[in-house]
Amino acid sequence: MPRLLPAKGRSWFRRSGIGGQLLSLVIVMGIFTIGTKGRYVSGANLQVILSLAAIPAIISIGLHQVVVLGGIDLSVEGVVALCVVLVGFLAHNKFNSNDVGLWIVPIIVGFGGLAGVINGLLNTKLRIPSFISTLGMSWVLWGLAVYVSKGQTVPLLKNPLSVFVNGTLLGIPDLALVAFVLFLVIQIVQDRTRFGRYLYAIGGDEVLTAQAGVNVDRTKIIVFGIAGLFYGLSALFLAAELESAQAITGNNLLFPAVTAVAVGGVALTGGIGGAKNAALGALIVTALNDGLILLNVSPYAQEAVNGFVLVTAVALTIDRRKLGFIK
Amino acid sequence: MSVKIKKTVHSFSGIFLKILALLIAVAAAQSVSFAADSQTTLAISIRTLSSPYQVMYKVGAEAYAKKVGLPLDVLTTEANSQKGLTDIKAEVARTGANVAFYIDPNDASDAVPIAKTLEAAGVYFVTWWSKPADVKVWDYPHWIAHISFDGLAAGTYTATELFKTFKTPGQGKIIALQGRLGDTPNAERWEGLQQVLSKNPGVQLLQWESAQWDRTQAYNDTKAMLVAHPDIDGVWTANDDMAMGAIQALKEAGLSGKVLVTGCDGIPEMFDAIKGGLAAATILNDGKYQAQLGLAMSLAAKEGKLDVKSLPKKYRQFEIPAVNVNRENVDKIVHDYLEATPTYDLSDFFGQWSVAIP
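Protein chains in written order, with my numbering: chain B, 6 to 332; chain X, 678 to 1035.
Isolated chain X (complex conformation) (with noise of 0.2 Å):
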């Protein structure tokens, strides 16, 4: 690089810096004059938005937050559970404490330091899906809830389905893909399999491997494992996007319609494979209403409108039902869900309560 052009890069870069640190104070001003404002911010604490479930939660989150008339951020941890400490201290820092958060942690011991930030913030928050089970939610004041969808049902039902389209029903061989092994809802639907499993002595499980709820990677190990069984009768899967891989390697192998698959989540590719006659079942969690369930109560639980030292324990931690979907009901499914989005009452918090975690 000659001289001059070298001498123009250094002055660049030297005004670009000093433009960058005028921005960060502008910033930390404005951020400043955020916290004496009296509008509580919402806000949303996810693993992704480039999962179609994930988002879900954003498009449910943006719904409610245009309904009350109030801000909303949406942070993402990137399956990187420091991010998702560090973006919530930061939004705390940001928005002086006044926030209501609804938090699907990274990792299920991510729960705790999440619990310890905002607690001594004194900021209420809800959390869903994962969460060590010998933490409690009523050791924190300020963690109003921690909810997940019955995921031990969620196994139970789609494998007792699977099993109904073996050629011989109740007889066969399958092979399985989890997700992501430290997740609380993969450990809960794999025990549902293996429930059904065990009152299903004819059906035996050859095979499983972890695919991290990620389509490509449960393409290739069920393309590999379908080298070392190619005679299944289904595929269990513990989500939707894993399922769609593995229908694109029996799909590859000339099994497509022979042998099924099922999932979990409701994504809309799953319901055309339901419907196509290549995946068996699936169970519809509705994103949209936990991310407006969640923000609802935190919301309520600041503005004094709920009593969280007053629940009952059963309300503090506990599961709600998702909705079962198979070859049967799947066009209804679509419609009531998918071409519309339901009201959601959320007048009764615990309306949907099924079952409490211990």
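Chain B on its own, in the form it takes in the complex (with noise of 0.2 Å):
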């Protein structure tokens, strides 16, 4: 830790949780500010930068307290895919004359949300391990989605969330502001709320915390539902972004999602990491692929420099006492 700040600058680096990560994100940013002579902090790509970040930041901050709790949620693009198939079927759309407006954000997020529950009762009730039960839900839905969908996409027509998905306040995207607040939302739900504190209990020991009387399904199963409304709302917002409806919209979501969850400094052992970590962990992946793309790097290496950075975060956050053997 630099000795260029004073003591209490320091201790709120230590305290806070994300201080290695925002200097991560400093540096990141300065490396590509001078590699591309200023343009990667221009207004315009700042703004791309805050509108990319939004949706992962969204799905990162749902995933990540499963993380938490110890387990690990894939079924992102799952939910995702049936979602995104379920607007094609409610929403001003070219193929039938469904048109549920507003009422759509409700619908699709509840049936994110129930998902996400679904999920919760697999891994306490029926005793499946999160990382199966998740897996075998993804498939299950995505097959689902490809299925009632039969492959088509569905173009969607004016609705008032496309307008929303690409508006700005006071030149900050939309969509980024939700991601922030909802961000803001789940941070308190963590440092201040009675359910945030059984949340860390189960991370850090989960023994322990039952013995203690905490209901842990009760709290899982909450977990893996709020989980499932953020996968809601984030399919949501692609449909809208998109203006089109096609299962495959959930493809490719799963992998950025954990790796930012992972960068930003949420242990996969559990018990470690908020939203802060989370959303920011989404705004340093997308930082760091946006400036990739601006820098001209080579497509070729992009793939690796993103897989790098996977496991270089991994392996700097998880509590090895935690785990043991290393399988």
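Read the hints as simulated data drawn from the structure, not as lab findings.
Computed from a predicted model, the values in this text were never measured in an experiment.
Be a bit skeptical, because a hint or two may be false.
[Unchecked claim] Straight-line Cα separation of at most 20 Å, EDC-like style, residue types lysine to aspartate or glutamate; simulated pairs:
| no. | chain 1 | residue 1 | chain 2 | residue 2 |
| --- | --- | --- | --- | --- |
| 1 | X | Lys850 | X | Glu868 |
| 2 | X | Lys813 | X | Glu796 |
| 3 | X | Lys952 | B | Glu248 |
| 4 | X | Lys844 | X | Glu796 |
| 5 | X | Lys844 | X | Glu1016 |
| 6 | X | Lys841 | X | Glu739 |
| 7 | B | Lys163 | B | Asp222 |
| 8 | X | Lys684 | B | Asp222 |
| 9 | B | Lys155 | X | Asp908 |
| 10 | X | Lys928 | B | Glu248 |
| 11 | B | Lys42 | X | Asp908 |
| 12 | B | Lys155 | X | Glu739 |
Since each chain sits alone in its own frame, please combine them into the complex, following the hints.
So, in structure tokens, the structure goes:
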């Protein structure tokens, strides 16, 4: 830790839990700013970074709480796929006369939440490890999405959501503002509510927490449910952004989200990290990818860079004492 | 969970497992009896049913299966080469090798293990799109043919049409989106663009990204590239799904209709985009025809009506032309191919032969 900062600054750096990440972000942005001769921090590019980071951030904020519990949620892509297909069916579209207007928001978010609750039930009541249960759910929901949509793409017509996803408020993309509000809400819940205490207690030591009388199952189901809500919301925004609904919209969302969660400092072993870590992780990953594109780094190298970043982030954040034998 | 519920769950899972085992045994018995069945099964192995273009394979295959009165199995790799190979092996086992295949390999390199598997089982098959250049179809007696649409012609055509749309035709700047870098059609279409670029020194390719054939990724990549290059005249993409993503990004940047895009595949939305002045051109790869031709050839070989050994090398790996679509002929194409399905002449397998793949 640099001795450049006064003692107070240094202790905040250690205690905040995001000091390292903020430093990484500054360094990464610094490198790209120099490399692109300032274009990287132009208003236009910062706007793009914020708008591209919003949806991954929303997904990461949903996903990270499952990770804090000590589990993992691999159902993102399946939930998003089915939710997007539902949007195609219910929102103002080219193929049928449905138009549920703004009701699409509670319907889709609710549906995502329901999928999340089922994930939670599979994990707690049927005692299926979250790795398997969420992976299985993903395939089931994805398969349903493809079956229901028959592989067709449904073009969406004018609806209030499309206007929203492209709008800005004082130069900040509306989507980024939504992500920020959601981060604040979840962070406050984690810091100030009993539920938040339980979340970290279970992540730290589930056995002791259960013995202390906490309803571990209920907390877990709620956590999975919240994750599902967030996936549903992101599905809605994705469909509105692309003005079309297809089952493959969900593809390639999981890896960036897990990367974001790990890079942000949420330990895959559980008990450590919060919404601020997840959101910041998504921002760092997006800023990194955007910078690679702006710098015209060879696309052949970009995937390798992402992989390297993920491995490094996990290596630096996991608590090896918890793992015993590394499998 | 209470002890009572635990016990119920325990015994439930015990019963559940027993029922599952019984079902598996019944299914296995059924499949054994299928093998003894003299009816050939038609099978297609494709990447996915979630892509509007790939779904056309299934549509065409189903129409053909109905016409010849045979059962059809649709296998999807879901972009997983291992799954693709495993499913093919399982299908061969299930049908007792009484099957005729049409295969679109997930990756060019998959063609070899697939060919070895089916050759060993004595199953006839036709492949499309992707195979390694140094692997020759004539080395495998049961590999009837590898067919592809002329990707080079596709990339050349769309690039040429795109450059015509510039304020000063043949003078301008473009960005580009490639598909999966390991796919043969991607490499061919990209080569087409490169050739047209070299003939048009006034056009500059500023940057390209690989959007993996995916609409969302194309949208994200285009958005980022537009920051680096706000002043472009066109966007070349290797397929229509990516083109649609690029169109969305251009819309947000206020460049709709001013900066056009091109793609490939011929999905309905792309035709609408061309009609609406948002896109310049695309190529209609008739997936329905692909599947029907492939299955017809496999079935004919299996029934002894097509003598694979006697085919000249040029008929073992070749390309056929696709349909070029631009702003002038889009209405006619929509009428002929989308609103109706043309009746395909499957009697002459090599009637559409345009060029051999060396």
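Going down the list of hints, with the structure as the test:
1. X/Lys850 - X/Glu868: holds (18 Å)
2. X/Lys813 - X/Glu796: holds (14 Å)
3. X/Lys952 - B/Glu248: holds (18 Å)
4. X/Lys844 - X/Glu796: violated (55 Å)
5. X/Lys844 - X/Glu1016: violated (34 Å)
6. X/Lys841 - X/Glu739: violated (40 Å)
7. B/Lys163 - B/Asp222: violated (42 Å)
8. X/Lys684 - B/Asp222: holds (18 Å)
9. B/Lys155 - X/Asp908: Between lysine 155 of chain B and aspartate 908 of chain X the Cα gap is close to 39 Å, so the pair fails against 20 Å, i.e. violated.
10. X/Lys928 - B/Glu248: holds (11 Å)
11. B/Lys42 - X/Asp908: Holds - the C-alpha atoms of aspartate 908 of chain X and lysine 42 of chain B are around 18 Å apart, at most 20 Å.
12. B/Lys155 - X/Glu739: Holds, because 14 Å separates the two Cα atoms, which is no more than 20 Å.
Checked against the numbered hints above, the structure violates hints 4, 5, 6, 7 and 9; every other hint is satisfied.
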